[in-house]
Amino acid sequence: MPARRKATAVAALGTLPLALTALAAPPAVAHGSMGDPVSRVSQCYAEGPESPKSAACGAAVAAGGTQALYDWNGIRIGDAGGRHRQLIPDGKLCSAGNEQFKGLDLARADWPATSVKSGSHTFKYRVTAPHKGTFTVYLTKPGYDPAQPLAWHDLDLEHPVATATDPAATGGFSTFSGRLPERSGKHLLYAVWQRSDSPEAFYSCSDVSFGGGGGAAPAASAPTEKQIDEGNGRSTIEHHGHGDDDSRTSAEPAAAAEDTPDRPKAAATPGRPETAATPNQPGAAGAGANLAETGGDGSTPYVAIGGAAALALGASALFLSARRRAVSGGRHGR
0 MPARRKATAV
10 AALGTLPLAL
20 TALAAPPAVA
30 HGSMGDPVSR
40 VSQCYAEGPE
50 SPKSAACGAA
60 VAAGGTQALY
70 DWNGIRIGDA
80 GGRHRQLIPD
90 GKLCSAGNEQ
100 FKGLDLARAD
110 WPATSVKSGS
120 HTFKYRVTAP
130 HKGTFTVYLT
140 KPGYDPAQPL
150 AWHDLDLEHP
160 VATATDPAAT
170 GGFSTFSGRL
180 PERSGKHLLY
190 AVWQRSDSPE
200 AFYSCSDVSF
210 GGGGGAAPAA
220 SAPTEKQIDE
230 GNGRSTIEHH
240 GHGDDDSRTS
250 AEPAAAAEDT
260 PDRPKAAATP
270 GRPETAATPN
280 QPGAAGAGAN
290 LAETGGDGST
300 PYVAIGGAAA
310 LALGASALFL
320 SARRRAVSGG
330 RHGR
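When you number the sequence shown by numbering that gives the first Met the number 0, it's gap-free, plus one each residue, and the end is 333.
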């Protein structure tokens, strides 16, 4: 083969790795929000993004638009790696500093609230793609004023009300137990879900009312499965289905992103919420059975690679064929 034709072949085949890289990359996904006590974003979504019933949710839409509610399970930081307090400024905890969700940060005393009591409580986190990781829930301190912007110092970071690593996910919820201390009136629960297979973390604010002095906030309510299904067409989030019992949302374990040499774990910072799993926090029974590592179909990478290979090889073949015809035509023309 002449040197020029060899160079052409090499150049054409050189597109194969690029095609594989582009098509094998998994889609971005978002994965959930607190369902009980219901989060602000879930509550507003349940009321209806286009015409929320409560004044607080109406104000949130006026401030940030309706898309934030259709993307209710997308309050996240992709490279958090446990650095929640470092990355999220005071006053922006409910949005995790994401401009799209800024309406959730509005300081108001009339956010719909879930009625709770001091003592044991079962938390339910609504998941659309389960992942391995740790849930940590914090409660605001006595004297919390919901009419003031939420700051990190408003949360009792030293005494989380619930911590659970890899809780069993069934029926669309990751369920775990905690204990609520003595409080009265309106308060807020701040949930952090830090993945252990990735630096990605998810955040949510849930307004709660303890007996006595709860104010006139309307009762909170979580979105139904029907409402979630109906809103999927308007969401910019790749859900991969809601059900954690669906094998399509599960994948085989992968290496933890934080443990790779080029991405060390963030060093612990005193006073900030830590969500990394620890040896004295055993997972719930059945944990890990249906926990997705990527949020995508386990076969997705192989399908993408196969498709990419076919496209790349096809493009190379067409390129070489056209080149041969051009060379041949040039010879006949001489």
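Hints may be right or wrong, so weigh each one.
Unchecked claim - In silico DSS-like links for lysine-lysine, alpha-carbon gap of 25 Å or less: (1) K116 to K140; (2) K116 to K101; (3) K52 to K140; (4) K116 to K225; (5) K91 to K52; (6) K131 to K116; (7) K52 to K225; (8) K140 to K91; (9) K91 to K123; (10) K140 to K101; (11) K52 to K131.
Think of the hints as simulated: they come from the structure by calculation, not from any bench.
Results for each hint:
{"no.": "1", "hint": "K116 to K140", "result": "15 Å, holds"}
{"no.": "2", "hint": "K116 to K101", "result": "29 Å, violated"}
{"no.": "3", "hint": "K52 to K140", "result": "29 Å, violated"}
{"no.": "4", "hint": "K116 to K225", "result": "29 Å, violated"}
{"no.": "5", "hint": "K91 to K52", "result": "24 Å, holds"}
{"no.": "6", "hint": "K131 to K116", "result": "29 Å, violated"}
{"no.": "7", "hint": "K52 to K225", "result": "18 Å, holds"}
{"no.": "8", "hint": "K140 to K91", "result": "18 Å, holds"}
{"no.": "9", "hint": "K91 to K123", "result": "23 Å, holds"}
{"no.": "10", "hint": "K140 to K101", "result": "23 Å, holds"}
{"no.": "11", "hint": "K52 to K131", "result": "35 Å, violated"}
Against the hints set out earlier in the document, violations occur for numbers 2, 3, 4, 6, 11.
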